[in-house]
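Novice: The lines below spell out each chain.
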Amino acid sequence: MIGRRAEYRVIDVHAHLGPYSLFYIPESDAAAMVAVMDRTGTEVTVLSANRAIQQDAHLGNSQSLAAVDAHPDRIAAYAVINPWQDPERELERLAADERFVGIKVHPTLHRYPVTGARYAAVWEFAESTGCPVLSHSEHRSPYDAPAMFETVAETYPGSSVVLGHAGITPAGVDEAIEAASRYASLWLEVCGSQMTGPLIRSMVDQLGSGRVLFGSDFPFIDQRMSLGRVVYAPLTESQRQDVLSGNARKLFRWRPLPGESGERGVDDTDE
Amino acid sequence: MTDSASSVRPSTSSTRSTSSTSSTTSTTSTTSAEDVMAGWFDARIVTGAHPASLLPPTDRDAIAAHLDRYALSGALVSAMASWLHHPIGGNAEASAVAHSLADRGVLACWTAIPATAGELESLTALVDRALDQGVAAFRIHPLSHGFSPGLLNELYAALETNRLPLCIDAAEISWADLSTIATRHPELPIVVSNVGYRKLRELWAALDGHANVFVDLVDFAAHQGVEWLAANNLADRLLFATGLGLRDPGEGVVRLAWSGLDDATVQLVGSGNASRLFGSGNASRPSGSENADRTSGSENADRTSGVRRADGGRS
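Note that the protein sequences, when read in sequence, are chains A and B. Start counting the first sequence at 1; every next residue gets the next number (full-length UniProt numbering). Start counting the second sequence at 1; every next residue gets the next number (full-length UniProt numbering).
Hints listed in this document are in silico derivations from the structure and should not be mistaken for laboratory results. Mixed in with the good hints there might be a few duds.
[As the list claims (entries may be wrong)] Here are the in silico distance ranges between beta carbons for each label pair: (1) B/Asp103 to A/Thr151: 55 to 61 angstroms; (2) A/Asp73 to B/Leu151: 54 to 60 angstroms; (3) A/Ser238 to B/Asn153: 55 to 61 angstroms.
Please read all numbers here as calculations on a predicted model, not as lab measurements. All C-beta atoms in this analysis are idealised placements derived from N, C-alpha and C, irrespective of residue type, glycine included.
Model the full structure from these sequences, guided by the hints.
Specialist: The structure is reproduced here in structure tokens:
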């Protein structure tokens, strides 16, 4: 049985910030999120503001930057690129502002396929700079089903793309694993209401532990719910630490996360 | 585990405070960290195979291992077969596990459906039979089993009379129907499970409006939802549960262990509230037919008074 204090070093690569219209989120501000991180051993969280994904990418991205300014050692920001809201402008902003460390896209919410031309600038930017891209992925979605990312990887082999939720459902996870097995540029992230430790083990078994990333989706889903699946997943301790933070340090090399200089700072993975 | 019903402080609508959350774990308890983390009661386990999930096994031995792994004092077990195959017939599987692990504090939760010719003769008789077998609670699945919750009024009355809690998944019933049952049966404890992270507005109305509504930790996934309840003096309505068989048990364990609750409140959620509702906490209780003794005499009276004490101040 674990104790009341966290035992792992954690980097959370999938988080949000602020209120959401569809449901009430208690304490969705950055300070409350950092307080949760203190309890869970989370060194850094990479987030995109809910306003950015839900309604206004530009204003929401500004909220994300404000959170970084308030907690520069603990929070890093994705720039949300909405294909309908002047993506070139936000990409230019991303390029110029080093507080952004990656790109977040949400094809399902924005009702535009991840393979569509309006996303081309995102993949080109990612490929030319090394900027990682976190995308929502959802089994059977016409916008971001895991298999669709194979097209992205085929066309832009130099872009590092994280399949957020790894397809969400158990069948979606299988599809995500299949896609990531074919393309080394695809990474899997483990948050989602249907995720389990055995599914995470399945990812690690088939991909190695080097491309599986911890994300929680907090403050949608409480970070501890997502963390519990990894903490108790049937993994070796080395694999678990890769998932919880080591791999994130590897992925975010374009603009290193707070707490490191950019060199690889973790042990070798089991990959 | 040192927590007990006697340490539970009743909550009242008029005296909600923010005293239950603390970043410094301030508590009046003198228990050690190990004590705080041991002896939780898992208020929801489902035994039997799930047809569409990749989850740990949940047979008798797996449940025993689950109790060991998380240092649990016991659990409330219902049957997957009752949910997904044979509602009444599956109850025997829940009772078999409970009887086999009675010395580990495992209790059975039976499933009910409306009395229907050829399927179930009488809900009152079903409850009587459950009491004879030491069943600690009932569960209903109106959506999955295709009936209106109003068809179980006889069940609610029988459960209320005997202070047996009614358990139900949020997805199985409308919040309006839940409110109707809670209103008509104010002494019937109702435990809502699988609330997810999108239903706090509805949950708040249910908890605020009905002192007999509780919620368990199975997929209670709202960010800071646990702390939000405690800050609103509703920690005595929250029960630790993993949902083993339906969910990854690590979710609930880590959620409570690394919560912002002080140690005393962790114990309350971990086991104290379940002790009041289910009469849990007597791991040495005899199994089999001897369990029938629970339904009369002092133990039943303790459970009844525990529920009444917790609810009384808020009614």
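Novice: Give me the numbers of the hints this structure contradicts, sorted from smallest to largest.
Specialist: none
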